[in-house]
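Following our numbering, the residues of the sequence shown are numbered contiguously, the last one being 266.
In case anyone wonders, no lab produced these hints; they're calculated from the structure.
A hint or two may mislead.
In silico DSS-like links for lysine-lysine, alpha-carbon gap of 27 angstroms or less [claimed, not checked]:
no.	residue 1	residue 2
1	Lys44	Lys102
2	Lys65	Lys44
3	Lys90	Lys44
4	Lys90	Lys131
5	Lys117	Lys90
6	Lys131	Lys117
7	Lys44	Lys131
8	Lys102	Lys90
9	Lys117	Lys44
What follows is a list of derived Cβ distance ranges for each label pair [to be verified]:
no.	residue 1	residue 2	range
10	Thr238	Gly188	25 to 35 angstroms
11	Asp106	Gly190	31 to 41 angstroms
12	Glu91	Phe241	38 to 48 angstroms
Just so it is clear, the structure is predicted and the values come from calculations on it, not from any experiment.
Ideal Cβ placement from N, Cα and C applies to all residues, glycine included.
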Amino acid sequence: APASTISIVLNPAPAPEGELNPLSIKEVRQALQYVVNRPFIAQELYKGFALPMLTHVSPVDFDFLTVFNLTKESRIAYDPDLAKDLVDQAMTQAGAEMKDGFWHFGDNRLDLKFIVRTEDERWDIGNDLRSNLGLLGFSVTLVPQQFGPAIFTVYGTDPQLFQWHLYTEGWGRGAPQRYDFGNINQMCAPWLGNLPGWQEVGFWQYEAPELDALGQRIFTGDFKGLEERNQLYVETTEACLEESVRLW
19 APASTISIVL
29 NPAPAPEGEL
39 NPLSIKEVRQ
49 ALQYVVNRPF
59 IAQELYKGFA
69 LPMLTHVSPV
79 DFDFLTVFNL
89 TKESRIAYDP
99 DLAKDLVDQA
109 MTQAGAEMKD
119 GFWHFGDNRL
129 DLKFIVRTED
139 ERWDIGNDLR
149 SNLGLLGFSV
159 TLVPQQFGPA
169 IFTVYGTDPQ
179 LFQWHLYTEG
189 WGRGAPQRYD
199 FGNINQMCAP
209 WLGNLPGWQE
219 VGFWQYEAPE
229 LDALGQRIFT
239 GDFKGLEERN
249 QLYVETTEAC
259 LEESVRLW
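Could you put the whole structure together from the sequences, leaning on the hints where they help?
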């Protein structure tokens with residue numbers, strides 16, 4: 019199993035009336051997949067001691083073979099020009115305007131708060147991603163934090179308070195799993211309580227009924243054999259990639 023994996027979780031909560039959260043727009047979240055420079059992060063920031071990931075499945079997980087064709091056909095790669103085209107289209111459609119090089123909604127510049135952990139390579143990842151987000155016209159404020167304050171802000175506040183828009187998550191695993199049923203739900207399906215809103219009473223909740231239904235079938239073993247299980251796993255991973263609430 020990978021000793022650790024890194025993801026960027028995005029805050030998809032809708033902004034109050036008259037305001038705009040760019041990350042509430044699915045097409046914007048999808049576009050950000052193309053400004054995560056995974057080869058640079060793996061080879062330069064981790065000195066070759068890391069492998070690029072497109073989904074929650076790492077290249078050393080058993081289920082990498084299950085989703086291999088999906089990830090290959092996704093054609094996700096570092097492509098800022100494509101990302102800019104996608105963002106321009108989605109933001110303009112949402113009523114935003116580019117002024118002085120940054121996106122504005124009404125008279126207000128759209129500023130994104132990016133909480134970045136400082137203890138390890140995530141600080142460098144955050145700085146690299148901030149630069150790439152700037153190419154798309156987003157004003158990004160880096161908020162350097164260590165474990166305690168970061169966990170409290172991201173997982174302990176209502177996403178609609180917008181104390182954060184992006185966060186550098188880190189995950190650890192102790193052993194490989196031949197047929198994953200937990201990790202895919204943890205990282206993709208809101209019902210398990212590990213996506214924005216965190217199933218905390220009173221918080222705004224990110225909802226994805228299709229992911230919940232598919233993920234619960236995998237979690238409870240609601241399939242007749244390996245082929246059906248693998249098909250469910252691919253469909254869930256594809257829906258998760260479509261939503262792009264996490265960038266790996």
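When you check the alpha-carbon spacing of lysine 44 and lysine 102, does it fall within 27 angstroms?
-> Measuring from Cα to Cα gives roughly 15 angstroms; hence the hint holds.
31 to 41 angstroms as the expected CB spacing between glycine 190 and aspartate 106, which holds or is violated = holds (38 angstroms)
Take the C-alpha atoms of lysine 90 and lysine 131, compute the straight-line distance between them, and say whether it is at most 27 angstroms.
-> violated (32 angstroms)
Below or equal to 27 angstroms on CA atoms is what counts here, so check lysine 65 against lysine 44.
-> violated (33 angstroms)
Cβ distance range 38 to 48 angstroms for glutamate 91 and phenylalanine 241, holds or violated = About 23 angstroms separates the Cβ atoms of glutamate 91 and phenylalanine 241, which means 38 to 48 angstroms is violated.
Assess, step by step, whether the Cα of lysine 117 is no farther than 27 angstroms from the Cα of lysine 90, and give holds or violated.
-> violated (37 angstroms)
Is the straight-line distance between the alpha-carbon of lysine 90 and that of lysine 44 27 angstroms or less?
-> Holds, at roughly 21 angstroms.
For the pair supplied as a hint, lysine 117 and lysine 44, confirm whether the alpha-carbon distance does not exceed 27 angstroms.
-> With Cα atoms ~23 angstroms apart, lysine 117 and lysine 44 stay inside 27 angstroms; holds.
Agreement of lysine 102 and lysine 90 with the hint, judged by alpha carbon distance not exceeding 27 angstroms | Given that 27 angstroms is the threshold and the Cα spacing comes to 22 angstroms, the pair holds.
Given the hint that lysine 44 pairs with lysine 131, does the C-alpha gap stay at or below 27 angstroms?
-> Holds. Lysine 44 to lysine 131 sits at ~18 angstroms (cutoff 27 angstroms).
Do the Cβ positions of threonine 238 and glycine 188 conform to the proposed distance bound of 25 to 35 angstroms?
-> This hint holds: roughly 29 angstroms between Cβ atoms.
Hinted pair lysine 131 and lysine 117, Cα distance within 27 angstroms | With a Cα-Cα distance of about 19 angstroms, the restraint between lysine 131 and lysine 117 holds, given a limit of 27 angstroms.
Of the numbered hints stated above, those contradicted by the structure are hints 2, 4, 5 and 12, listed in ascending order.
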